[in-house]
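Protein chains in written order, with the working numbering: chain F, 1 to 507; chain B, 1 to 408.
Source of the hints: derived by calculation from the structure; they are not laboratory data. Owing to the predicted nature of the structure, the values given are computational and were not obtained by experimental measurement. It cannot be assumed that every hint is accurate.
Stated by the list, open to error - List of simulated lysine to any residue pairs, SDA-like, C-alpha gap at most 25 Å:
no., chain 1, residue 1, chain 2, residue 2
1, F, 345, B, 187
2, B, 163, B, 211
3, F, 88, F, 74
4, F, 219, B, 336
5, F, 219, B, 310
6, B, 372, F, 441
7, B, 317, F, 289
8, F, 301, F, 323
9, B, 147, F, 226
10, B, 396, F, 439
11, F, 345, B, 114
12, F, 345, B, 178
13, B, 208, B, 259
Unchecked claim - Take a look, some chain F residues computed to stay more than 12 Å from chain B by CB distance:
no., residue
14, 99
15, 471
16, 495
Unchecked claim - Chain B regions said to be covered by chain F (calculated; three or more residues, Cβ under 8 Å):
no., stretch
17, 62-76
18, 103-111
Glycine included, each C-beta is placed from N, C-alpha and C at the ideal position.
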Amino acid sequence: MLRKYSKFIVVFILCVSSNVNAQDSISLYQNIENQLDQFRILNSAYYNNPANMQDYSNTTFSNISLNYQKLNKEAYLLQEGSAHNQFKIQTNSYKVQSKTLTLWGDASYTNTQTKNVQWNNNIDLHRINPVVIADSIGGSMHLQAYNFKGGFAKKLNKFTFGTQLAYQAGLNFKTQDPRPKNVTSDLNLVLGTTYDLSNKYKIGVAAGVNRYIQTSSIKFSSEVQRNALYQMNGLGTYNFYFSNKSQSATYTDFTHHYTFTLGSTNNLFNLTAGTLFGNLSKDVVLSGNTTYETNRLAMRKNFATITKIVPLTAAFNLGAKIDYNKTTNTGTEIFYTNNTDIVTKLLEKENYSFSTTEYGYNLIFQYKKDNTTIYAQPYYKVLNSLETKYDTASTLDFKYNFTGIKLFYLQNLSIKDVLSISAQAYQRKLISNNSQLVLTQHTGINNWLTSDFNLKQTNFKALQTSVRYDRSLLSGQSIYAIFALDYYQFHNNTTNTQSTLSLGITF
Amino acid sequence: MRTKFLFLFLAIMGLTLTTVSCNNDDNTNAIVDNTPAKVTLTFNGDNIAKISKMTVEFKETNTGIVTVKEVTETPFEVELRKGSYTATANGKVILTTEEELEAAGNATFDLNTDAQNLNIKLMIKAFSEDFIIEEVFFTGVRTTEGKAYNSGKYFKLTNNTNKVLNTGGLLITKSEFTPSLKYDISPEIRQQAFAVNGVLMIPTNIGKDVQPGDFIVIADMAMNHTTPNNPSYDLSKADYEFPNLDNPSLGQVDNPAVPDAKVIYTTMNFNMFFLNNRGLESYAIARFPEGETVETWLANYKYDYEYPNQAGNITQKSVYKIPNEWIIDGVNCAVPATWLHNSLSASIDSGYTASGVIDSDNERFGKTVRRKIIGTMENGKPLYKDTNNSDVDFVKTSPSSFANGIVH
Chain F
1 MLRKYSKFIV VFILCVSSNV NAQDSISLYQ NIENQLDQFR ILNSAYYNNP
51 ANMQDYSNTT FSNISLNYQK LNKEAYLLQE GSAHNQFKIQ TNSYKVQSKT
101 LTLWGDASYT NTQTKNVQWN NNIDLHRINP VVIADSIGGS MHLQAYNFKG
151 GFAKKLNKFT FGTQLAYQAG LNFKTQDPRP KNVTSDLNLV LGTTYDLSNK
201 YKIGVAAGVN RYIQTSSIKF SSEVQRNALY QMNGLGTYNF YFSNKSQSAT
251 YTDFTHHYTF TLGSTNNLFN LTAGTLFGNL SKDVVLSGNT TYETNRLAMR
301 KNFATITKIV PLTAAFNLGA KIDYNKTTNT GTEIFYTNNT DIVTKLLEKE
351 NYSFSTTEYG YNLIFQYKKD NTTIYAQPYY KVLNSLETKY DTASTLDFKY
401 NFTGIKLFYL QNLSIKDVLS ISAQAYQRKL ISNNSQLVLT QHTGINNWLT
451 SDFNLKQTNF KALQTSVRYD RSLLSGQSIY AIFALDYYQF HNNTTNTQST
501 LSLGITF
Chain B
1 MRTKFLFLFL AIMGLTLTTV SCNNDDNTNA IVDNTPAKVT LTFNGDNIAK
51 ISKMTVEFKE TNTGIVTVKE VTETPFEVEL RKGSYTATAN GKVILTTEEE
101 LEAAGNATFD LNTDAQNLNI KLMIKAFSED FIIEEVFFTG VRTTEGKAYN
151 SGKYFKLTNN TNKVLNTGGL LITKSEFTPS LKYDISPEIR QQAFAVNGVL
201 MIPTNIGKDV QPGDFIVIAD MAMNHTTPNN PSYDLSKADY EFPNLDNPSL
251 GQVDNPAVPD AKVIYTTMNF NMFFLNNRGL ESYAIARFPE GETVETWLAN
301 YKYDYEYPNQ AGNITQKSVY KIPNEWIIDG VNCAVPATWL HNSLSASIDS
351 GYTASGVIDS DNERFGKTVR RKIIGTMENG KPLYKDTNNS DVDFVKTSPS
401 SFANGIVH
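Let's have the full structure, built from the sequences with the hints guiding it.
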């Protein structure tokens with residue numbers, strides 16, 4: 001059913017893409033420069049308000065690409081796996097329908113095989129961690145994910161209204177015991193508006209809702225041996241009563257978020273601030289399909305970013321950007337008693353929290369001539385990560401700084417050839433560690449906690465590079481190839497590498 | 001057209017915000033913090049004047065956290081985090097006759113207020129001058145190919161007294177209830193009897209005398225189970241066996257040279273008496289009192305019980321029971337990671353032992369639960385620990401005593 005539906009939408013988006021008029025009025029260089037506009041990447045949060053998508057691009061463009069990615073990690077968090085091979089096909093399109101109406105959409109299919117995933121039988125860890133279903137064996141996870149997104153922005157006098165609907169679906173499984181099957185659906189709706197304060201500035205607000213569901217069921221093919229399944233609560237603790245009793249769980253999350261934007265019409269200044277409220281609930285399923293809510297995760301996120309670009313000369317821009325992000329997940333455990341007729345809810349206990357606070361400071365330099373763009377963004381970021389399990393008084397408290405630079409170089413080689421190079425070099429340095437990791441009585445879980453703890457306190461240096469070559473075929477149509485290589489050198493002499501090859505058509 | 005578009009947009013926006021505002025309305029649950037609550041602990045029991053020294057273990061069911069307290073006087077205040085608890089007490093008490101004896105008891109309670117009273121009813125531990133369970137091998141082994149080999153299981157019963165005992169009439173029983181599943185059973189008979197789903201009997205006509213310190217082995221098949229690919233044990237010298245010939249799929253065979261213990265009751269098909277390979281059951285040995293026979297027991301000791309199941313319906317079952325007075329020794333087995341309760345009365349076994357730590361633990365295969373040796377008898381035979389608390393009496397996940405076959 002899902003596949004049938006997916007195919008229909010892919011075909012639809014491809015049809016929309018094919019109707020997009022080729023950019024016969026601009027050169028290949030201008031088209032690629034527009035698509036790879038570093039200021040737009042810098043201000044991606046600003047476009048969380050779909051009404052701002054009206055100014056996303058002055059021109060229409062579409063892409064279809066095939067991507068293959070290979071990741072190998074010697075240093076990794078056990079729940080995330082040590083390696084993956086990923087194949088992805090995606091298409092995206094932005095269409096300026098008229099001066100007052102823009103449309104956009106994208107779709108993708110991703111097939112990922114992740115190796116050596118341990119203590120985790122779920123997907124979307126960023127949403128449900130730490131309340132996963134865990135086992136000590138682990139194995140390779142296979143994931144097929146579909147992503148569809150579409151939106152439009154319409155300008156009415158001084159108002160611009162925009163809306164965006166996105167849907168993601170995932171199917172994840174393992175082919176050895178224990179055999180989880182996870183099915184996810186993730187629906188996002190955002191509505192936004194902006195109002196032109198003057199010819200120079202516009203103010204906007206957006207609100208969005210997100211409904212996420214992950215259903216997990218775990219089976220064993222072996223009748224003589226079944227591994228223990230733990231319903232985890234955080235930092236190595238688990239629900240003692242429901243672990244080994246339940247092999248299924250449902251995670252449901254309802255999130256609503258609000259964004260305020262203020263920006264200049266020339267996109268040289270913008271301010272974005274927002275807040276998000278989420279509430280994820282985990283229900284375990286026992287035999288007979290009786291469900292018990294065991295955990296809730298309340299998520300709160302506040303973010304703000306301000307960017308200012310100052311044109312010094314016609315070719316040279318100088319700018320700065322400041323970011324602030326704070327995310328807090330508060331975990332509530334629901335206790336049950338079986339001292340009554342049937343298992344009944346006894347109490348709720350706030351027992352876990354995980355928060356990250358991040359401040360980022362960026363300087364921006366851009367040199368832009370007819371056939372060349374050079375962009376440099378040195379930055380400094382401070383990240384504080386605090387994870388606490390209250391009943392065991394176990395705490396992971398790390399403070400890092402990230403010092404790095406992003407570079408981008410775009411060169412027009414000829415009327416039919418454009419070359420671009422991106423690079424980012426940075427280092428993560430631990431500047432304080434006030435952790436008090438409390439180990440459990442379970443050797444396997446302790447090994448996991450210790451492995452993750454050691455990685456989190458290890459400094460590393462990273463170099464991420466990519467080279468893109470665009471070649472024009474027909475007027476307004478070109479093909480491109482991207483090769484990217486990322487390299488991470490950890491202080492304990494382990495290395496992670498990731499290579500990506502993409503082939504695409506832009507038109 | 002523009003006005004229509006604007007109204008449509010505002011309607012969707014309003015619907016979104018309405019959905020958002022209603023989302024948290026049903027969250028009326030009070031959240032408690034981790035501040036400990038005070039529990040005032042007292043004990044009582046028939047003919048018990050006071051406690052001498054009592055070790056109380058509190059296990060919270062949701063977190064598995066265990067808190068152990070040493071108690072020498074009552075009332076005793078203990079701080080515990082709120083939750084659902086099982087409390088197990090083991091220690092010594094002073095009787096009204098001023099005699100000091102071993103006693104044990106357990107209780108379950110929910111702690112969801114800041115202060116609460118808890119009384120644990122103690123039972124005087126029952127010790128008999130008869131056989132004890134020295135070792136149980138219930139896990140089976142894995143072959144070198146990794147396949148399960150579920151035969152070669154055995155009970156080893158030892159004469160831990162200084163007199164000659166006869167095996168005739170011994171009953172070997174296993175529990176109806178599992179330690180990892182706890183229901184609100186009605187009627188609850190644990191303090192009076194042991195609910196069983198299988199009983200083996202050594203008929204009196206094949207009984208034999210056992211010298212002090214010596215042992216007998218009751219194996220499922222009295223044969224050498226060891227082969228090049230099977231790291232099992234040579235049980236060919238077992239004293240009794242209980243092969244099942246009714247279920248051909250088991251492939252069990254009878255050793256005509258070894259007398260058979262008789263399955264006098266089982267809830268399993270094909271008259272099987274089969275040990276759970278995770279040890280999720282309790283075992284007890286017993287003797288019928290004078291005048292009691294298999295027939296009269298089957299006629300008079302049926303145990304009908306019921307409990308509300310997860311679907312909200314009532315599950316009704318019918319098994320048999322062995323009165324606690326008939327039991328001469330017992331041992332609760334469980335998986336520590338899933339333990340919730342014991343099937344035997346605390347007067348028989350107030351703790352539990354295990355082979356393996358986690359559910360379906362691979363480390364359990366080939367391992368047994370075996371009683372600790374605390375000294376030597378006058379005849380040089382080992383003297384075994386017996387305090388009716390298998391948590392301290394037994395070695396968990398122990399190597400088998402028959403690594404070199406059955407040697408007396």
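Here is how each hint holds up against the structure:
Restraint check for residue 345 (chain F) and residue 187 (chain B): satisfied, since their Cα atoms lie roughly 24 Å apart, inside the 25 Å limit. Only pairs whose Cα atoms come within 25 Å are accepted, and residue 163 (chain B) paired with residue 211 (chain B) is accepted, the gap being roughly 7 Å. For the hint linking residue 88 (chain F) to residue 74 (chain F), the alpha-carbon distance of about 24 Å falls within 25 Å, and the restraint holds. Our distance criterion of 25 Å between C-alpha atoms is met by residue 219 (chain F) and residue 336 (chain B), whose separation comes to about 23 Å.
Between residue 219 (chain F) and residue 310 (chain B), the direct Cα distance comes to roughly 21 Å. Compliance with the 25 Å bound is thereby established for this hinted pair. Of the pairs offered as hints, the one joining residue 372 (chain B) and residue 441 (chain F) holds, with about 23 Å between alpha carbons and a cut-off of 25 Å not exceeded. Proximity of residue 317 (chain B) to residue 289 (chain F) is assessed by CA-CA distance (about 22 Å); at most 25 Å being required, the pair is judged to hold. Distance restraint check for residue 301 (chain F) and residue 323 (chain F): the Cα-Cα separation of roughly 13 Å lies within the 25 Å cut-off, and the hinted pair is therefore satisfied.
Distance check on the hinted pair: residue 147 (chain B) and residue 226 (chain F) sit about 13 Å apart at the alpha-carbon level, within 25 Å; holds. The straight-line distance between the Cα atoms of residue 396 (chain B) and residue 439 (chain F) is roughly 22 Å, inside the 25 Å bound, and the hint therefore holds. With a C-alpha separation of about 18 Å, the suggested pair residue 345 (chain F) and residue 114 (chain B) falls inside the 25 Å cut-off, and the hint holds. For the suggested pair residue 345 (chain F) and residue 178 (chain B), the alpha carbons sit about 23 Å apart, so the restraint of at most 25 Å is met.
Simply put, residue 208 (chain B) and residue 259 (chain B) have alpha-carbon atoms about 11 Å apart, close enough for the 25 Å limit, and the pair holds. No Cβ of chain B approaches the Cβ of residue 99 (chain F) within 12 Å, the least distance being about 15 Å, so the stated non-interface status holds. Residue 471 (chain F), annotated as away from the interface, keeps every beta carbon of chain B farther than 12 Å; the closest lies near 42 Å. No Cβ of chain B approaches the Cβ of residue 495 (chain F) within 12 Å, the least distance being about 33 Å, so the stated non-interface status holds.
Remark: the stretch 62-76 of chain B is confirmed as covered by chain F, as 4 of its residues place a Cβ nearer than 8 Å to a Cβ of that chain, reaching the required three. Only when three residues or more bring their CB closer than 8 Å to a CB of chain F does the claim for the stretch 103-111 of chain B stand; here the count is 3, and the claim holds.
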